[in-house]
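Participant: Listed below, chain by chain, are the residues.
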Amino acid sequence: MGRARTIARRTFLIGSAAIAGGVAFGVWRYKTPYANPLEPGLAEGEAALTPYVKIDAEGVTLITPRADKGQGAYHVQAALIAEELDVNIEDIKADPGPPSAAYWNGALAEEVAEFSVPAGGAMRAVAETGAGAMMKFIGLQITGGSTTVPDAWEKLRAAGASARETLKQAAAEEWDLRASDLKTEGGRVIAPDGRELDYTELAARAARVKPVQDVALRPPEAWRYIGKPMRRLDIVQKSTGTMTYGIDVDVEGMVHAAVLLSPAQGGALRGYDASEAEAMRGVTAVVPVTGGVAVIADNTWRAFEAADAIEADWGEAQMPETMDGHWQALSDAFTADAQDSRPRDDGDVDEALDGGDLVETEYRAPYLAHAPLEPINAIVRINDDDSADVWTGTQIPRFVQTNVGAIAGIDAGDVRVHAQMIGGSFGHRLEDEVVKQAAEIAVQMKGTPVKLTYKREMDMTHDFPRQIAMARARGTVKDGRVESYDLGIAMPSVMGSQMGRQGLAVPGPDSQIVAGAWEQPFAIPNHRVTGYRAEGLAPISSWRSVGASSNGFFYNAGLDELIEAAGADPMEERLRLVSDPLARAVLEAVAEMSGWDGAKMGPGKGRGVALTRSFGVHCAEVVEVSDTEDGLVIDKAYVAAEMGRVVDPVNFENVVAGGVIFGLGHAMNCEITYEGGVAQQENFYSYEGMRLRQCPEIMVRGLENGDAVRGIGEPPVPPAAPALAGAIFAATGQRLREMPFSKFVDFA
Amino acid sequence: MQITVDGTQHELDVEGDMPLLWVLRDELGVKGVKYGCGVAACGACTVHIDGEAVRSCQVAAGDVWGEVTTIEGLGNPGTLHAVQAAWIEHQVAQCGYCQSGQIMQAAALLAETPAPSDADIDAAMDGNLCRCGTYPRIRAAVKTAAKTLQEG
Numbered sequence: 001m002g003r004a005r006t007i008a009r010r011t012f013l014i015g016s017a018a019i020a021g022g023v024a025f026g027v028w029r030y031k032t033p034y035a036n037p038l039e040p041g042l043a044e045g046e047a048a049l050t051p052y053v054k055i056d057a058e059g060v061t062l063i064t065p066r067a068d069k070g071q072g073a074y075h076v077q078a079a080l081i082a083e084e085l086d087v088n089i090e091d092i093k094a095d096p097g098p099p100s101a102a103y104w105n106g107a108l109a110e111e112v113a114e115f116s117v118p119a120g121g122a123m124r125a126v127a128e129t130g131a132g133a134m135m136k137f138i139g140l141q142i143t144g145g146s147t148t149v150p151d152a153w154e155k156l157r158a159a160g161a162s163a164r165e166t167l168k169q170a171a172a173e174e175w176d177l178r179a180s181d182l183k184t185e186g187g188r189v190i191a192p193d194g195r196e197l198d199y200t201e202l203a204a205r206a207a208r209v210k211p212v213q214d215v216a217l218r219p220p221e222a223w224r225y226i227g228k229p230m231r232r233l234d235i236v237q238k239s240t241g242t243m244t245y246g247i248d249v250d251v252e253g254m255v256h257a258a259v260l261l262s263p264a265q266g267g268a269l270r271g272y273d274a275s276e277a278e279a280m281r282g283v284t285a286v287v288p289v290t291g292g293v294a295v296i297a298d299n300t301w302r303a304f305e306a307a308d309a310i311e312a313d314w315g316e317a318q319m320p321e322t323m324d325g326h327w328q329a330l331s332d333a334f335t336a337d338a339q340d341s342r343p344r345d346d347g348d349v350d351e352a353l354d355g356g357d358l359v360e361t362e363y364r365a366p367y368l369a370h371a372p373l374e375p376i377n378a379i380v381r382i383n384d385d386d387s388a389d390v391w392t393g394t395q396i397p398r399f400v401q402t403n404v405g406a407i408a409g410i411d412a413g414d415v416r417v418h419a420q421m422i423g424g425s426f427g428h429r430l431e432d433e434v435v436k437q438a439a440e441i442a443v444q445m446k447g448t449p450v451k452l453t454y455k456r457e458m459d460m461t462h463d464f465p466r467q468i469a470m471a472r473a474r475g476t477v478k479d480g481r482v483e484s485y486d487l488g489i490a491m492p493s494v495m496g497s498q499m500g501r502q503g504l505a506v507p508g509p510d511s512q513i514v515a516g517a518w519e520q521p522f523a524i525p526n527h528r529v530t531g532y533r534a535e536g537l538a539p540i541s542s543w544r545s546v547g548a549s550s551n552g553f554f555y556n557a558g559l560d561e562l563i564e565a566a567g568a569d570p571m572e573e574r575l576r577l578v579s580d581p582l583a584r585a586v587l588e589a590v591a592e593m594s595g596w597d598g599a600k601m602g603p604g605k606g607r608g609v610a611l612t613r614s615f616g617v618h619c620a621e622v623v624e625v626s627d628t629e630d631g632l633v634i635d636k637a638y639v640a641a642e643m644g645r646v647v648d649p650v651n652f653e654n655v656v657a658g659g660v661i662f663g664l665g666h667a668m669n670c671e672i673t674y675e676g677g678v679a680q681q682e683n684f685y686s687y688e689g690m691r692l693r694q695c696p697e698i699m700v701r702g703l704e705n706g707d708a709v710r711g712i713g714e715p716p717v718p719p720a721a722p723a724l725a726g727a728i729f730a731a732t733g734q735r736l737r738e739m740p741f742s743k744f745v746d747f748a
Numbered sequence: 001m002q003i004t005v006d007g008t009q010h011e012l013d014v015e016g017d018m019p020l021l022w023v024l025r026d027e028l029g030v031k032g033v034k035y036g037c038g039v040a041a042c043g044a045c046t047v048h049i050d051g052e053a054v055r056s057c058q059v060a061a062g063d064v065w066g067e068v069t070t071i072e073g074l075g076n077p078g079t080l081h082a083v084q085a086a087w088i089e090h091q092v093a094q095c096g097y098c099q100s101g102q103i104m105q106a107a108a109l110l111a112e113t114p115a116p117s118d119a120d121i122d123a124a125m126d127g128n129l130c131r132c133g134t135y136p137r138i139r140a141a142v143k144t145a146a147k148t149l150q151e152g
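Line order of the protein sequences matches chains G and L.
Mapping to this note's numbering: the first sequence position 568 is 568, numbers consecutive.
Mapping to this note's numbering: the second sequence position 89 is 89, numbers consecutive.
Extracted from the complex, chain L is given alone in its bound form:
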């Protein structure tokens, strides 16, 4: 099967029911995508498929319906996405393990809703668990990123 990840097309020989998460991490070495729960209860594995935020642990390799963008494709230390820049500015991360998923979720939210209300942010980000408790900074960083993107 074929899959396009962060702009690169890959030919794969894996079981159709292998979750995209493990295709990315173990077959393609995209380690920025994190395993947290395997059951869509934490959001650490969030990636975009055709711009939509999805839990990659719940998407079977055989069902991937479009181009996959991961945290590593969203931006990089040299060319930051506005959401990543906001995450750095607010120093959101503690352990940082959930933040790939948080950032991907936030980027999808802002693509759809450029000026989210507090309620929009709560609703969009509620499925992304942070065990360290960085929520106040996540909220602040989403607002900063929204502003940056709008001024863009």
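This is chain G alone, in the form it adopts within the complex:
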């Protein structure tokens, strides 16, 4: 936490700027002596404003630069600003992107990003692995690593508070009163005699007032929004079919595109015959794009149909021919040469392993698609004046600018990104292949907006999936206790693969290979975690909870088998070993919530427990299952997470329950397998996840014992699979060491 917090406090300087008909408030950042490749236009000592509050005659707009992919990011960002600004959240607008081109500049994005590397989180981990390239990477506007709330927590409230006090100062001048005698409420400044001025009326004058700095933030007892149930800003639109997602955007003169990509992931296009496609109704062009062929038509479906009618000859994928080959590559990576990191080495593991009966197990986690329900899509228009417009849902708007700029041969700063609401991501929108392909098509038809929509099958089979991974656990027990635990994890480097596609090298170890394992809050006397980097596998990307999504399972499953060997109870032994008071509290919470009195709950019934610390959050889960005639039924799940502060309790409960369902559903029945580099699962009939009938009752509790404010998008995912595996063992006696579990057991 230290570094991010220090930077944040030192550099907070709230500023304001006049805009057409009003004022914008935000955070100033001065150009610093070290090179900033993102903002060549800014000279040393000059400042750029990152606006968070815009007030003009039309009203108050809160700028919410973090992408919203369903986690409620727009709402929570707006709530933090509104808390201090004294506006009613239902009266304001939230705008994800720049309200005008003037806002969308490199300094804005760079500024926003500077604070987006809070304690914990994937991005900090990334930053720690390779300084140069990673600093460049994080100097970008990125949504990820459950960082939205930690990043925004002080910054957005400070922006709101400074704006409020500056508006009061403007009113004081208008009325010739003292600002300290004025109060604010509902977007108005109110004088002691009852006179009122709307913020909108004060905006122009406020732009000329020196912004009020160092406003003390309100204490928790004064909060109107934070910690209280709120109606999400987007909930009415999302309940009436009136929310516009990227896939719904229509731009004047737009054409529809679909792509046919090499079935073998990454295979080259050797040649194609599009004569049938070109003759189909509505088709206007067929053009090559990187990795395949694109069809231009006057309707999405006609483009899909025509793309399917193209005959193409494809090159081969650069990965093992069979899944056995993928697993073999992982198995072969457990060597000193392939060792990536050993961030934990407590006690004397080798001596302890020599001195006892060894428990040795191996675990596997498959590739997984992100498969958000909105297939990826983007609209790109290259304009005649050497600028471009992009309409898309993205977590990496700065990369989008850079990549579209490079494809079009124009300055990245002249690429306007119109951020759209995202129909789910789970990490998918941290990639921008669809934008790049749309740009490649658009440069061939300047002035025409090109909307590229991936067919579901293309989205799923050409995803960059979650890493495949393997773990080997060894350990010993003594006197009914876990005495030693040696966990080795092999996987390809997520960060290397993902950043490689952006042309960035990632020197040093990849902390995601061991994330969710090495930093776990258990004091096992002899304890070692080693990461091994496997090469030559499928290209992969960040998938909700990243390294911890596989490692939370490995760590807890391995620990469970040692606890079994010790003859101990999974909950009691965890409570005995736990070394952090915040972690102890979440374990005690789920023990109490579930009424834990042992793993076995009667004939054919059992429960399991898991705890994973990921993204700085301790999250514990208990899952209960019944073995029935129809198959295994997940009856209940209990979750407790240490949040520091729950900003929006209603949304928190929803996102946590969703994270548990995400973790359970994929553990139950999801995998992407490749044969000859071709993904074998292409739609939801073969990649299903959890269905409503299978959904357990889920009880959620957020704890607020810690000092740091945390994000919750990812942490509920890792403990779900191992808690389910533990429950199935308790109910049936069968140990599950490989996901998806449906390969070995039946679910009802």
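Careful, some of the hints might be misleading.
Pair by pair, the computed Cβ-Cβ distance ranges are [stated by the list, open to error]:
1) L/THR4 with G/ASN383: 52 to 62 Å
2) L/ASP120 with G/LYS478: 46 to 56 Å
3) L/ASP120 with G/ALA18: 55 to 65 Å
4) G/GLN680 with L/GLY62: 27 to 37 Å
Read the hints as simulated data drawn from the structure, not as lab findings.
Glycine residues also receive a C-beta, built at the ideal position from the N, C-alpha and C atoms.
Starting from the known structure of chain G, fit chain L onto it as the hints suggest.
Facilitator: Below, chain L without anything else, positioned relative to chain G:
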């Protein structure tokens, strides 16, 4: 061909095998109806034809046998259908992309079965996939909507 959507009759010149989903989205601009899978595996495109919930990705334009009602015709932010009101009350949505289909499926269920059991809800809603995992709130909202409609 002619098609009636949310009370408005349209004259169309499209291929008979163009799925109703794409007629609605690309020809008529009814974007509240969502594309998720194209193979009836997710339910995001659910609409009503003569009150029956159907996957619009699997109904050919030439086969539409009655009046089509979409999420936009069921109700609107000013005049909410009871199911939409329940969805708002329970704050069901996360990304919200599947919810048009969920709401249309739930509305059809309640029209047929005003007081559904848990098993009825599971059976009716099981084909509607939610990747964010809002199922617990969907169940709760269906029950609230059922109550509202019965008290109606």
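Participant: Quick one: which hint numbers does this structure break? Sort them smallest to largest.
Facilitator: Going through the list in order, the structure violates hint 1 alone and respects the others.
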